[in-house]
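Visitor: Below are the chains, spelled out letter by letter.
Protein chains: 2
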Amino acid sequence: MTHIPIFVIAAAMVVGAGGATTFSAAGADDESSPIFGIKIPPGYRDWRLISVAHEEGMLNDLRAILGNDVAIAAYRERKLPFPDGAIIARLAWSYDPLEESSKAFGHPQSFVAGLPKNGVQFMVKDSKKYASTGGWGFAQFDDGKPAGEAVQNACFACHQVAKSRDFVFTRYAP
Amino acid sequence: MTHIPIFVIAAAMVVGAGGATTFSAAGADDESSPIFGIKIPPGYRDWRLISVAHEEGMLNDLRAILGNDVAIAAYRERKLPFPDGAIIARLAWSYDPLEESSKAFGHPQSFVAGLPKNGVQFMVKDSKKYASTGGWGFAQFDDGKPAGEAVQNACFACHQVAKSRDFVFTRYAP
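Chain order of the listed sequences is A and B. If you're matching positions, the first sequence starts at 1 in the working numbering and goes up one per residue. If you're matching positions, the second sequence starts at 1001 in the working numbering and goes up one per residue.
Read the hints as simulated data drawn from the structure, not as lab findings. A portion of the hints provided could be inaccurate.
In the DSSO-like style, the derived pairs of lysine-lysine whose C-alpha atoms are separated by at most 30 Å in a straight line are [to be verified]: (1) B:K1117 with A:K163; (2) A:K79 with B:K1163; (3) B:K1117 with A:K117; (4) B:K1103 with A:K117; (5) B:K1163 with A:K103.
Which stretches of chain B does chain A cover? Using the computed rule of at least three CB atoms under 8 Å from a CB of chain A, they are [to be verified]: (6) 1087-1098; (7) 1130-1141; (8) 1146-1157; (9) 1161-1174.
Backbone N, C-alpha and C fix where the C-beta goes; we use that ideal spot for every residue, glycine too.
If we strip away everything but chain A, and leave its shape as in the complex, we get (with noise of 0.2 Å):
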């Protein structure tokens, strides 16, 4: 009989159990969005968590910014540009007030997420392809597809601002 070293086996069952290859909560959406032409990355529901947020006005949603693993990486030590083949995921759902704590407080305190609302947002970086809008290639997609091009082409103008962050506006959250 071959012998697999164990933490090989202990690791492949790892994977096999929760790993982000082989469990997509997220469609298979294969529609590549204008401009910066991007898909839906496979499983980016699994993403570990980058940070949290608040939209409040037209907006007002609940928000969290995942990563892949070379985003989380460049993060986690402080890596500034982010390497090619980081992405950064931006999902948002409605803003919406938790029923049993308002009831227990008499007012509304806690606020959940509810259902998704103002679509997904994906940061690709590829120093490359994407060179003439600082490296990153931007995308939103609504209900699985792409958003049309007046959207797409907003996203590089304001994330301007956050050029010494190489562009993005998310702190990782400690």
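Given chain A, work out where chain B should sit, using these hints.
Guide: Only chain B this time, still in chain A's reference frame:
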């Protein structure tokens, strides 16, 4: 030469590069909490996202709820009660206006996670060990150290409101 299937080698590389078992952003704190005897689970900062929330009032934080593989699988399969081995983690950070955003909008618009706040909390499912509290052990750690008995004792009383969801407030964010 011994041949090891490619998928096993690939799996080992994936885990080596970013696996939850090999990279822990949390400290190696090893002190058990009072009452329930819970230690900080290694690598919990790498767990997958269940949902996000904002607490107003005294708490005034942004929070993320993460789950280990058992908890995430139970959520996605809508399995209630949660099986033994499920662990849910609640992280929280200060609720800070994002400076760049406030400047651009002329008023606070984006609120982001700042420094850790209000401790880290865990719910650990063990239907035998914690039979008297719905099968859940509860623990809070402040700066890596278990909080006192009064804090730990307060958890279950409040979570009884969510008895129909196996005492868990947080719903999975799709």
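Visitor: Holds or violated: K1117 (chain B) with K117 (chain A), Cα cutoff 30 Å?
Guide: 27 Å, holds
Visitor: If you count the residues of the region 1130-1141 of chain B with a beta-carbon closer than 8 Å to a beta-carbon of chain A, do you get 3 or more?
Guide: violated (count 0)
Visitor: Below or equal to 30 Å on CA atoms is what counts here, so check K1117 (chain B) against K163 (chain A).
Guide: This hinted pair holds, its Cα atoms lying about 28 Å apart.
Visitor: Are the Cα atoms of K1103 (chain B) and K117 (chain A) separated by 30 Å or less?
Guide: 25 Å, holds
Visitor: Okay, the region 1087-1098 of chain B and chain A, do three or more residues pass the C-beta test at under 8 Å?
Guide: holds (count 4)
Visitor: Between K79 (chain A) and K1163 (chain B), is the straight-line Cα distance small enough, at 30 Å or below?
Guide: 45 Å, violated
Visitor: Report holds or violated for chain A covering the region 1146-1157 of chain B, Cβ cut-off 8 Å, minimum 3 residues.
Guide: violated (count 0)
Visitor: Are there at least three residues in the region 1161-1174 of chain B whose beta carbon sits under 8 Å from a beta carbon of chain A?
Guide: With 7 residues closer than 8 Å to chain A, the region 1161-1174 of chain B meets the three-residue bar; holds.
Visitor: For a C-alpha distance cap of 30 Å, please report whether K1163 (chain B) and K103 (chain A) respect it.
Guide: 15 Å, holds
In this structure, the earlier hints numbered 2, 7 and 8 are contradicted, and the remaining ones agree with it.
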